[in-house]
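Q: Residue numbers (our numbering), protein chains in the order written: chain S, 1 to 511; chain C, 1 to 363; chain R, 1 to 318.
None of these hints come from the bench; they were simulated from the model.
Where a beta carbon is used, it is the ideal one built from N, C-alpha and C, also for glycine.
Some clues are possibly wrong.
Stated by the list, open to error - Listed below are several chain C residues computed to face chain R (Cβ distance under 8 Å; list not exhaustive): (1) Ala36; (2) Val38; (3) Leu41; (4) Phe84; (5) Val146; (6) Thr147; (7) Met150; (8) Phe167; (9) Met170; (10) Phe218; (11) Phe221; (12) Phe273; (13) Ile325; (14) Ile328.
The lines below spell out each chain.
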Amino acid sequence: MAQKPESSRGLLHMVGITKRYGDLVADDRVSFMVREGEIHALLGENGAGKSTLMKVLYGMVQPDEGEIWIDGTPVQIASPHDAVRNGIGMVHQRFMLVPNLTAVENVVLGMRQPRAPLLDLSDARDRLMELAADYHLEVEPDVPVWQLSVGMQQRLEILKALYRGARLLVLDEPTAVLAPSEVTHLFRVMRLLVAEGRGIIFISHKLSEVKEVSDRITVLRAGRVTGSIETPEATAAGLSEMMVGRQVSISRVSPPSVGSTAVLEIERVTCLGDRGTAALRELSLTVRSGEIVGVAGVDGNGQRELVELIAGLRPTADGQILIDGQQPRDVLQQTSMLGFIPEDRHREGLVEDMTVAENIVLKIHGRAPFTDRGLLRWGAINAHAEEQIGVYGIRCSGPSARASALSGGNQQKVVIARETQDGPRLLVAAQPTRGLDVGAVEAVLALLRQQRDRGAAILLISTELPELLAVSDRIVVLHGGEIIGEAPPSEDHLDLIGQMMMGHRPVTAVA
Amino acid sequence: MRVSVSSIGATVRAAAVPVFAILAALAVSGILILLAGVNPLDAYAAMVQGSVGSPSALAVTGVRMTPILLTGLAVAISFRAGLFNIGGEGQLYLGAAAASAIALIPMDVPSAVHIVLALGAGFVGGAAWVLVPAYLRAFRGVSEVVTTLMLNFVGIIVVSYLVDPSFGPMGERGASYAQSVPIQQSARLPVLAERTSLHAGLLLGIGLALLLYVLIRFTPFGFRLRMLGANPVAARFAGVKSTREMMMVMLLSGGIAGLAGAVEVMGLRHRLFDHFSPGYGYDGIAVALLAAASPIGVIAAAGFFGALRAGSSLMQQVTRLEVSIVLIIQALAILFVIAGFFRSRILRIGKRTPVQASGGTHD
Amino acid sequence: MIDAGMLTDWGSASIRLAAPLAIVVIGGVYAERSGVFNIGMEGMMLVGAFTGVTTSYYLEPHMPVELAVLAAAIAAMLAGALAGLVHAYLTVSRGANQIISGVAINLAALGITNTLHRAAFGQSGRQRVAGFPSIELPLLGDIPVLGDVFFNQSLGVYLAYVLPVAALFIMFRTTWGLSIRAAGDAPPAVDTAGLSVPRIRYATVLFSGAMAGLGGAVLALGAVRYFTPGMTAGRGFIALGAIIVGRWNPLLAAAACLLFGAADAFQLRAQALGLGIPHHFFMMLPYLLAIVAVAGLIGRTMPPTQLGIPYRREESSD
């Protein structure tokens with residue numbers, strides 16, 4: 001039985017939370033505390049462990065070790081229901097709203113009614129509007145939620161939590177979907193809420209916002225707390241070191257090379273995201289043959305939209321993009337022009353029910369020698385697959401092995417084989433090492449280097465800084481839909497890169 | 001085509017699930033039969049006798065199996081592409097009607113020509129009947145489930161109209177039952193064995209199954225079809241034009257179901273009858289599921305269903321057990337397959353249900 | 001040519017034919033609203049028809065008629081709910097394909113009812129049993145034309161007047177209805193609100209089975225009062241069309257059933273009218289109407305977004 005932690009004045013104290021998923025330790029003895037009246041920022045990259053931590057807090061996931069203390073008493077949170085009962089409210093990144101129901105109905109869903117089972121919405125509406133007025137959270141109560149703006153939907157999510165008496169609010173990347181004026185408004189609301197003694201956990205990547213609104217900052221990296229400081233004492237350099245660290249385990253093979261002719265030319269492109277706001281803002285980027293350009297940045301800053309733009313799946317609202325002088329849409333089918341390694345190999349990359357050979361010829365099965373006189377020639381297909389298996393070092397039982405049976409690393413090699421076998425001029429790789437073990441990561445990076453040496457122009461988008469440093473010839477940083485700066489791929493520039501990733505524009509230009 | 005040890009092993013593994021499901025279905029049905037006061041072993045023995053116990057029994061099995069084989073192939077090929085053509089019943093009625101129309105016309109041509117023309121009409125009739133649902137699905141993203149289902153009933157009504165004794169264009173005036181006049185001799189399918197009803201439709205079905213096997217396995221079209229069914233998202237990234245592929249698959253599926261109706265008329269009944277199908281279209285769904293949508297497997301599964309139906313009449317004679325017990329066996333087999341009790345990773349058709357298609361249709 | 005008598009007769013028949021369907025459709029709406037497609041209502045209706053008739057047959061000699069018929073109706077609902085339980089288990093707990101599950105249930109229902117019917121009643125089949133009594137409502141029944149059409153029907157029909165209204169109320173004015181509508185639209189939101197999506201879906205599917213069973217009982221015990229093998233003849237499938245035409249609203253869907261019933265009643269009489277249009281055309285109308293509705297030609301049809309998709313709570317690392 002744990003002893004009472006030192007500061008029992010804390011509203012929330014998570015002590016020694018550990019959560020494992022098989023071999024992966026998502027959270028490793030994480031402890032952190034939120035005081036009453038405090039806005040506490042939680043910083044960390046994708047995979048750092050903050051989502052898991054919040055899931056534990058909200059009862060969606062049970063920790064393997066550790067305790068949660070609220071107001072100085074230990075509590076059991078086995079479900080979201082328990083979390084709500086303990087005064088914890090959560091505003092998820094993807095809203096938990098029912099689109100076809102109205103705001104009031106959404107608020108009332110799952111709550112005990114005074115005259116159950118009859119739905120009495122009038123009292124609920126009154127209370128909701130009262131809360132809305134008190135905290136400047138404007139909302140339209142009787143309109144189906146799908147008709148509300150994103151900002152209003154978010155306000156509704158906050159109101160939902162307040163309606164249930166939340167004393168601790170968790171806001172997960174709330175500013176990602178807001179316009180600047182809405183962000184200011186949100187901060188004002190947050191101040192109002194904590195003035196009454198509540199606590200807020202504010203999850204964000206954006207340094208400027210974190211500095212503006214939070215009282216204390218805790219940084220997570222690879223499942224551990226790397227630092228916890230009062231906001232006035234935080235510096236960009238200090239924070240980036242805590243977030244990104246100095247551990248670069250993968251070393252470079254050769255010095256950075258310089259590219260020759262431009263293959264991918266993106267000029268001041270603005271591109272709309274799914275929500276109608278600009279996901280890419282006047283982004284400019286050039287990739288030349290014989291170079292690997294690494295795009296660093298925290299997930300959610302426009303990476304996905306950039307990839308879709310290049311693949312011709314997302315139109316430009318402004319600006320111009322050319323691949324070897326052609327439009328992207330015309331290029332996707334030409335396997336000798338564009339190779340594209342998608343982020344989600346299970347959904348977008350492979351057909352897992354098909355064999356390795358079939359996946360390798362997925363795009364080219366219709367041409368000779370794989371098709372002759374209208375029929376597929378499995379002999380030729382299998383021979384070709386055997387060859388590629390050798391060239392790319394794919395470990396499998398043979399061309400007839402089902403793709404789903406391969407390990408993640410080898411699956412990725414199949415995708416790479418498929419996309420590079422025709423020697424494309426431009427290769428776009430989106431998070432190619434996601435979910436792979438160290439050996440597979442090395443192999444994938446080696447393959448990328450090979451392609452570069454062949455003369456391809458390579459765009460590597462990754463959230464893994466060590467890998468970018470190990471293989472890129474130059475690094476650009478994507479933040480808020482723009483290329484905010486560029487840096488050479490060396491450890492000396494790690495701080496700078498880290499700061500840029502958090503939105504800190506470099507004061508001096510970097511060569 | 002090389003038949004390696006591993007491919008035999010794969011086939012055995014693939015057949016394991018439906019075989020276990022059938023065994024389980026027979027076991028549970030056996031209990032029901034017991035509760036009805038009959039010895040299940042007697043019942044099953046009679047079924048075996050009546051389906052494969054003699055040459056004439058085999059012939060009956062072949063006859064019963066033929067239409068189910070064709071509708072099963074129709075459904076199977078749509079399953080492979082991730083589509084749900086459950087309109088086989090209506091498509092076979094329209095195919096029968098179209099084939100009958102040609103088969104009723106006296107033609108001074110060799111029988112082979114007349115037959116080919118009539119079968120062709122049958123294919124076109126079935127394909128035409130699926131055209132609207134196919135278009136709605138491929139280009140508008142409207143689920144093909146409800147549309148094909150509703151057209152089943154419309155198809156039956158259309159044929160009822162066509163053979164109505166009073167005013168149907170193809171109806172036999174003065175007949176006591178709604179039916180057409182007998183079709184021309186030259187349009188009848190040859191009988192395969194003397195003194196039986198076993199007709200060439202069975203050969204057509206088996207031939208078609210082999211053809212589909214080749215199509216799926218050895219042509220680019222089949223490759224794209226499998227891609228679409230296995231992972232539509234990746235297929236899109238790989239440049240597959242889903243609208244065109246979906247239309248072609250659905251039309252092919254409808255056409256084959258149309259052939260099922262055509263061969264029933266041209267091979268067995270020699271007339272177009274009102275309500276001539278005891279649900280062959282729905283049997284096709286069951287067969288396709290049991291066969292995990294493999295054309296060769298469909299032959300086996302259709303054979304099993306045909307045997308059930310053929311053997312049930314003898315079973316009823318011997319044990320006085322209602323033939324409808326066969327429907328229960330069939331239903332139980334399906335239920336055991338989709339409950340996933342026996343590990344089924346062969347094809348995920350047992351799990352995926354897009355009742356409505358995901359929006360976007362343009363590529 | 002066409003007189004008030006014919007109109008009254010047609011109207012009365014329309015109501016009578018629509019009533020069983022209207023009851024079935026309520027259950028279908030609830031199930032689909034929660035995200036589960038129930039194509040097996042045809043079989044559940046058949047099971048209800050058979051159970052109702054058989055129960056009435058065996059109980060009637062031993063107790064007052066009213067009691068026997070009531071017991072028959074309840075038994076029919078239970079039988080339908082049992083079939084619904086199979087569908088719910090397969091689709092909700094095992095994540096099986098909802099179409100195939102429904103098709104299998106229809107097949108099983110046909111087989112079971114045929115077999116049991118033959119066993120219980122032998123070859124002769126048509127055994128008349130006690131059914132829902134015909135009641136002419138006082139005052140209302142005296143209204144000319146309309147009185148005979150609407151208020152001189154069997155008890156089963158009156159059920160079909162009341163149930164859709166109750167269903168509408170429950171769907172939009174109770175917490176249950178709210179949860180159901182949410183489950184078919186955004187299961188994760190329901191989950192985080194502390195409710196159980198599987199439990200909601202089990203409830204609606206069982207309910208749809210019970211309603212289909214009741215509808216079958218009304219079909220068999222209303223006017224005809226006997227059971228014939230396969231007597232539902234596709235009505236359960238028409239219900240699917242009515243759900244769409246009625247935009248997943250219980251009352252509108254029941255009204256759509258009225259439309260279908262009217263077409264059905266009309267085609268039975270069309271021959272006598274000598275209109276020159278074969279009655280088959282009118283038989284087709286309900287189905288064609290459903291297709292037109294699905295194709296989105298009757299306004300915007302918005303099915304529940306989660307219809308047909310099994311729900312699995314995601315467990316993943318960061």
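Q: In ascending order, which of the hints set out earlier in this document are inconsistent with the structure?
A: Violated: hints 2, 3, 9, 10, 11 and 12.
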